[in-house]
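A.B. asks: What follows is the residue order along each chain.
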Amino acid sequence: MMEIERYEIRIAGFGGQGVVTIGRILGVAFTVFSGINSVNTQSYGPESRGGACRSEVVLSHAEINYPYVRRADTLIALSAVALDTYLKDVKKGGLLIIDPDAVRVGKNAADQRVVPIPAAAIAHDSGGVKYQNIVVLGALQCLIAEYIEKTALKKAIKATVPPETFDTNVEAFEKGRAHAKAFLNSKPEFRALMDA
Amino acid sequence: MYRFNLNPAYCKGCGICIAACPKKVIESTGRLDAKGHILPGGGDMSRCTGCRLCELVCPDFAVAIVEDEAAEEKNDVNPD
Amino acid sequence: MHSETSQNLIAPGIHYLQGAEACAEGAMLAGCRVYAGYPITPATEIMEHFARRLPSMGGRTIQMEDEIASAGVLLGASWAGAKAMTATSSPGFSLMQEVISFGIMTETPMVVVDVQRPGPGQGYISTSQEDVMQARWGHHGEGAIIALSPASVQDMFAMTIRAFNLSERWRTPVLVMAEETVAHMRERLVIPDLDSIEIIDRKTPQDEGIAPQDYLPYGHGPVPPMAIWGQGYDVNHVSLVHHRDGRITGYNAETHFDNIDRIRRKIEDNVADISEVEARFMEDSRHFVICYGAVSRTAVEAVLEARQVHGIPVGYIRLKTLWPFPEARLRELVRDAEKIFVPEMNLGMMKHPITEALRDRCRMVAAVPSLGCLHTPEQILARIQEEAA
Amino acid sequence: MNEIGHPMLKYLKTEGPSGPRLPLILCPGCGAGQVLNYTLHAVDRLLAEDNLNKEDVVFISGVGCSSRLTSHYLQFDSGWTIHGRSLAIATGALLANPKLRIIVFTGDGDAAIGGNHFIHACRRNIDVTIICVNNGLYGMTGGQVAPTTDTGEKTATTPFGNVEDPFDLCKLAETAGAAYVARWSTAHPRQTVKTIIKGIRKKGTAFIEILSQCPVHKKTAPVEMFKALRRLTARVKEGAAVPDGRIAVGEFCNRDKPDWISRYQDIIDQENRHKDTECTGSI
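Order-wise, the sequence lines are chains A, B, C and D.
My numbering puts the first residue of the first sequence at 1, with every later residue one more than the last.
My numbering puts the first residue of the second sequence at 1001, with every later residue one more than the last.
My numbering puts the first residue of the third sequence at 2001, with every later residue one more than the last.
My numbering puts the first residue of the fourth sequence at 3001, with every later residue one more than the last.
Just chain A, same shape as in the assembly (with noise of 0.2 Å):
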């Protein structure tokens, strides 16, 4: 795995949309099942239950001190508000990816480097909408594969989700990997941007 300095992440949609919990589910992840210090923050009170939702989600080798973004290397945005709000901290270059069903990008993400991920739809003909965040989840995993392995992310979905719908989120979490790989192949200038 590549040493990280600090690599950002932020996740943001509407609450219900499941962005706290894989902000949980990634820090888990790094931190007891790859040994890479994380600091996991979330919304919380009224906004977490139906508003405007972000989770965070800061990695590193070293110590964490400031436990929140500063500016994200990678921005999860699942709500068009998300996107309007969080985009202007995204670093240059930095990875951005969105449910096209939902959110809507052009000039004003030219500088990132965008990857569309139906995930409420491919969630919908798999264990349901509520798995979205999962699928999510595994294309992310898809696209940050230098930072963390997929067998880390499944031991803690493991350790965070229900028993009985540990599967499904399974399902859910390869049907995102799928995708994200599909997208890469298809974009081979995009993937040489993620190697360098």
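Because the hints were derived from the structure by calculation, they are not lab data.
Bear in mind that the values here come from a model prediction, so they are computed numbers and not experimental data.
Idealized CB from N, CA, C, for every residue including glycine.
You can take every hint at face value.
Example chain D residues on the side facing chain B (calculated, C-beta under 10 Å, incomplete): (1) 3014; (2) 3020; (3) 3023; (4) 3027; (5) 3034; (6) 3041; (7) 3186; (8) 3190; (9) 3193; (10) 3215; (11) 3221; (12) 3224; (13) 3226; (14) 3227.
Calculated cross-link-like contacts (lysine-lysine; reagent style DSBU-like; alpha-carbon spacing at most 30 Å): (15) D:3219 <-> D:3154; (16) B:1035 <-> D:3010; (17) D:3227 <-> B:1023; (18) D:3010 <-> B:1024; (19) B:1035 <-> D:3013; (20) D:3194 <-> D:3171; (21) D:3194 <-> B:1024.
Add chains B, C and D to chain A, keeping to what the hints say.
C.D. replies: Only chains B, C and D this time, still in chain A's reference frame:
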């Protein structure tokens, strides 16, 4: 025979024991003590039945009804 | 020590927990078996964790009708022999002051966690350090208080244990002045071998070989042994000024002074034992950042950048204990300085005792305020550059 | 001093290393002292007749004249605590040690500052015996209006008469869920002792209101007030109302219902049977 024992250090002279006594045995001494209280005393204790209601109603744990064996013996010898 | 319920305590190893959860786990490990609370954002997660976990240790969690009652439960529980705690956030902390004052006077071991949010009034539900003065001066009357300031999930765990140990050792309420930041964040928590964690229990008259007829509830030394209800010591807990034997009549000025001065001095005379200060980058530093709590995380980044990128000789001092205030230790650390920066999530509160301690040792003490959110490293760095570059 | 004193002195600390603790701090003829006397008589009977350990008996009070009963002279474990908060503190003690048999002395002032705690203690049916000394005013602070003061009554803070209606504390306790509710007055000594015995034996919240006299602030001789309490009260009988203008005394409610500790014990037992690893909070 019973004796009405009063602890003057605790008694505040409220008179509730006098009011409560069913046989009207306890009466006021009518004299002020050093703290300004008028203390109660046992009157005709031969009428006391030992019901101990005075002990029970006393707010200051100052009253005790004591079974007085000596007094009873004396009564036996000289009953009047 | 943990034999009865140790299988239910948190397991040694690496965990990934919220600060709130780490706090509750630390408390249970320290022996806390009674939790009482009233929901309030952003402290509620602590109570929810207790509610899930305490029954498996044979303990009890109760949601009371308000914060006064919640803190009140701690008094009764403590006197009946349990280690007990509550957690709240700032508005609730205001309500608890009555009980905290009472706890100081009756020398009752109890732990209160304040997950601070901004005020005054309802303020907001975000993060804050605006209760640090209320921690010391919020209760009516004299006395002293112990207040700890955690900066990480690991601290939330370890400092909660320490809070219980201090409260048992010194027979006094201990405050954990957390912030929303540390209570809500999730990060690595390393649990060592449980037997390696020191757990302190209060001294009882039985421990000291004192028989019930010889027992003075407020005597036998600066920290009186504490009789537990139900053990035949007929102890009366009283917050009216009292003699060492607990008698409340026969009031006089000498007794009053003896009573209250001992309660203050048992804490203030032991600052060196109680209050912890962390210092880094002290060599050849001309300026210092003095901070506490979550702000330390930002401050250390600012200090690193000031030193490494801008070549400004700034030292870093973190108050891990806010009260009793470690004045002597600060004066040891700062002999001669130019400028001192005090970043706080308030408009400058701990700046005051810091200034009082160091006014003859530096040219300036500057507040670096932030309200409702953690400073960014840039904010603190900008202030340092402005004054010290 | 006479060598044979009051029989309840065995439960009182008359002296301590720093000096004498009796007489009681209360004014002459105060009903609160009587209530302590009745309560100690009741406890005396329970210690003799029931399987009750003296070490387990704990007295708790708040602040006010009635709360002075739980002071340095009790030869029991006790806590003289915060105004209105005694029931919260009693709750804490039970949570720590459910074996304790807690008696809480309150006054009518506790129904104001501690009204909420009172309601919720009854609702939870915590296993305590609450003995409320109701003299219809605030005595300790000098005779101000209380939540139990009659409408129209003049007090130090209602110099033109009280414009508020008083609480019926027994109805409040019953509605809130207490297992046992009764009212007597200081002029009903034997009935009060019997009722306190019943209350302490009762599992759950027992609320016993005792109408009491404040001779000082009512500016009336103790004896007159003591006699009036007989005159002004009437015993409740099944199916019959008390005469107009009289205050009902007697037992209002006696029901069996699980207390807080019993219900919570089921959860503790269940959690220890399963040793549920799902919520060890490890991740």
